[in-house]
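From just these sequences and the hints, can you work out the full model?
At position 431 of the sequence shown (counting the first as 1) the number is 431 in full-length UniProt numbering, and the numbers step up by one without a gap.
If you're looking for bench data, these hints aren't it; they were derived computationally from the structure. Careful: at least some of the hints might be erroneous.
What the hints assert, rightly or not - So the derived label-pair ranges between C-beta atoms look like this:
id : residue 1 : residue 2 : range
1  : R409      : R685      : 51 to 61 Å
2  : R608      : D530      : 23 to 33 Å
3  : K437      : K853      : 36 to 46 Å
4  : E804      : G454      : 31 to 41 Å
5  : S194      : I607      : 46 to 56 Å
6  : R608      : E717      : 20 to 30 Å
7  : K681      : T544      : 37 to 47 Å
8  : T678      : K854      : 50 to 60 Å
By construction, the Cβ of each residue, glycine as well, lies at the ideal position given by its N, Cα and C atoms.
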Amino acid sequence: MAKRERSPTGYGPQPEEAIPSPSRPGILTVVLHEGTGLSIPGSYKEDQRPDQQGLSKRNTPYAVLDYDRSQQQADSDEGTAEDPVWVSDIVPWRLDEVTGEYRDANWKFDVCRPAELAIHLYLRDPHASPCVRSQDACIGVARIPIDVAQASASEETPSQWVDVEGGTGRLRVSIKYDDTKDKTLEAADFIEQSKIQKGNSGYTARVIKKDTRQRYTTRTIPAVRRPQNADHPFIAPLTLVFQSQEGLHLLSPTMCGGYLFQHLQNQRVFSLKRARIYAAEILCALEYLHESRGIYSWLKPRNVLLDSLGHVVLCGSGLYDPGVEDDGRGGYGLPEYPAPEILRDQNRSGAADWWTLGIFIYEMLTGLPPFFHENADEIRRQILSSDSIQFPDDLPPDARDVIAKLLDRKPDFRLGARGGASEVKEHPFFADIDCGKLKQREYTPSFKPGFSIGDFKQHGVEGSLRPVRQDIYKERYDMQQMSLDNPEPESNFDMELDDAAIVLDPSHEASNAEADDHQDDGWELVWEADTAGPGQLFFRHQPTGEKKPIPTRADGPSHEVNDANTFLGSTVPSTTQKLDALEAALQAGHDHIVSQIVLEHGIDLNIRLFGYQRISPLEWAVDHENLRLVRLLINNGADVDFPGYEARVWGQGGPLMVRAVATKNRKLVELLLTLSKTMNKTPDRVDLTRALGLAVDQRDAAMARILLANGARCDFEDGDRPLPENGLEDGCNFYDISEPTEFIPPLARAVKMGNVGMVRLLLERGGADPNVGYHDLTAEEGKKDIKFRCGRVIELAMELKRQETVKLLLAAGADLRVERPVWRVPGHTCSEVSRAFHQSITARLRTAEELLKKPSYE
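Written out as structure tokens, the structure reads:
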């Protein structure tokens, strides 16, 4: 790691590490007014073309305000990409995302020590979803040193223009500092969001400070212990401290970028460059903990988070309370994969942390820890054994070497044992890292996370040595249930069907017409004109002369606007009368009268009828499997795509082709496909895929073959599924408008059902993507919950113990390194899988992949 002699501004040692006072901290108020002359990458320039709602799509920058590792995002809604406006004199307020209320357009930070205010500017990727942040472009940063000793209390300084570094242009900013030392902090100043975990020493919770809206993670400890602070660019500081009857409350900023190893879980592996930067930032923080704080063997995956910019930040109450007994164990508890000397209960030293760093680098580059096993005792055995560590063939030599030296089982010979962090930095793996630039956080992270706060449960030796909590017990039980010794049964079906009977031929229509036609029931439609008033339509039974009045439709108007035939003395029925007659004839089963209306009276068939059902005549005919009427209606103008997109709610309704498949009437489906070909009309792609998914659910292989032979695709495209409600729009719906069950890919449905034959059919004849992703998959009622509710089909197959299906997917090209699918739209959050369960599935899939490569594997 190259060295550059430069003192990090704002990160120097503080007196006693600047332990916060129990009194209220000062409050820094920032108003970000506008920017000018910002440089914009060509592909990120704003798009002024109107969107589907006719609104201009602006792409103006947003800012991440960073003060002492507390971060807030400020969106600009006015101006242009080069000259954005955050707060104008006309609209001096903004929406509070926490409360949903409008308040003054400023951003507040709690101040307990001097630090630097950094305003990082980003521009969204115009080609990505609004929820995607990983590819946003950093267009510069403005820096303002904040010295609370010289700040003017309760006086807002005149706005100042600040130059943008790493880009061009300037920002206009106003700053105000309020000294609140005369007030004491108390629990009432905070809103508790959630409790994370509870140990013998107290509980950890997430809170929001009411006046500044800052998010904090708090740990409550006995008041007799004196906390210590940490001052380092990659360690969360202790910002607030106050005392209550429960004890001493230690608050540090909540990192809203999520857990590093949760991101790794979603992305499978990190690139070498990305893993190297993360490892270097962790190494830099460990050096500080060793040399300035004497903290060893503390680091665990749950302590490594990302901030909103994408930098590593180590977090944990043990950083401020070294006397804490972590859940009944002395010191800081065990790392997830402890060094051998720790397992042997020997003295802890910095060498144990270099072992953990090696574990982290290995996992970041391969996707699994080097000693992973579902059984914690086996993990312990592997760590203490003399077995050599297995490396993937594609691991670069420098990475292989640094891992091997960090994971030397003899602590005295381990990399870093003699020279500490400096020795580790000198390894060629870190040769491209500039130490000074790193400490200044001047490396722009290649990945910028979105907002993510959640819980994170570890796996490894630690779980076997602690008292077994209920959640850990449940997790172990779930993993035991995964045993492949007794796989769930998988069904099959005969693949040898006559494909010639599936490919439709329009010439068969005539014979089909004879097969489904039926005799006239004797009822006819009669029109009686009346010179003194409007005429009347009624039904008459020819053999008996019986007359039957036609009821008015429940939701139909008494007259039609622009319907000239409603005048007195009209010689032909009005449109309203014909629609009333059509609905009544369909409900009564008078097919001959329906033919009369369609052929003799002429009517637009693309209209909704039947009251609250609001379905078209063609949909009614399909639902009732009336092939004769289906043919009649389509041949006389009924559109197979009318009424366009319609939700399928609680197993009812939906597009026409889906309705047809729901009847399980293959002849009906064949007729619809035949008539579409005759009229040179291609069935809607999305409707066909949805219909195929329903055929899979119904275990109807023949129906699936019919659809595949006539152009049905196995996979949906991005954007096919409707967007969910995002909580910002008005409206009331009694179902999920994104229709999650309708847009599960057919292959995922077949895997879920354990239908090997259907999986084979979709892969071999349907061209299904073996890497297809899905979202919001749920188990059938009474079945065990599915953990991979959002994921890839290969993971689902392994979770459900579908061994034969796993073989088929791997043979078809399933890639275990494809990132987890993420549906980044407002209103949807992909469900997370526990670390232990994810690693178990991944390990088993890799074993299956290796077995498949062996010549003897059948």
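Item checked: Range hint compliance [Cβ, R409 to R685, 51 to 61 Å] -> holds (58 Å)
Check: Does 20 to 30 Å hold as the CB distance between R608 and E717, or does it fail?
Finding: holds (28 Å)
Next item on the list: Hint says 46 to 56 Å; check whether the CB-CB distance for S194 and I607 agrees.
Entry: holds (52 Å)
Next item on the list: Kindly confirm whether 23 to 33 Å is satisfied by the beta carbon distance between R608 and D530.
Entry: Hint holds: Cβ distance 29 Å, inside 23 to 33 Å.
Checklist line | Range hint 31 to 41 Å (beta carbons of E804 and G454) holds or violated | finding: Between E804 and G454, where Cβ atoms are some 35 Å apart, the hint holds.
Check: Range hint 50 to 60 Å: satisfied by the CB atoms of T678 and K854?
Finding: Once the Cβ atoms are compared, 53 Å apart, the range 50 to 60 Å for K854 and T678 holds.
Margin query: Tell me if the beta carbons of K437 and K853 are separated by a distance inside 36 to 46 Å.
Written below: Hint holds: Cβ distance 43 Å, inside 36 to 46 Å.
Notebook entry, point to check: Could one say that the CB atoms of K681 and T544 fall in the range 37 to 47 Å?
Noted result: Cβ of K681 to Cβ of T544: about 43 Å, so the range 37 to 47 Å holds.
In summary, the structure agrees with every hint in the numbered list given earlier.
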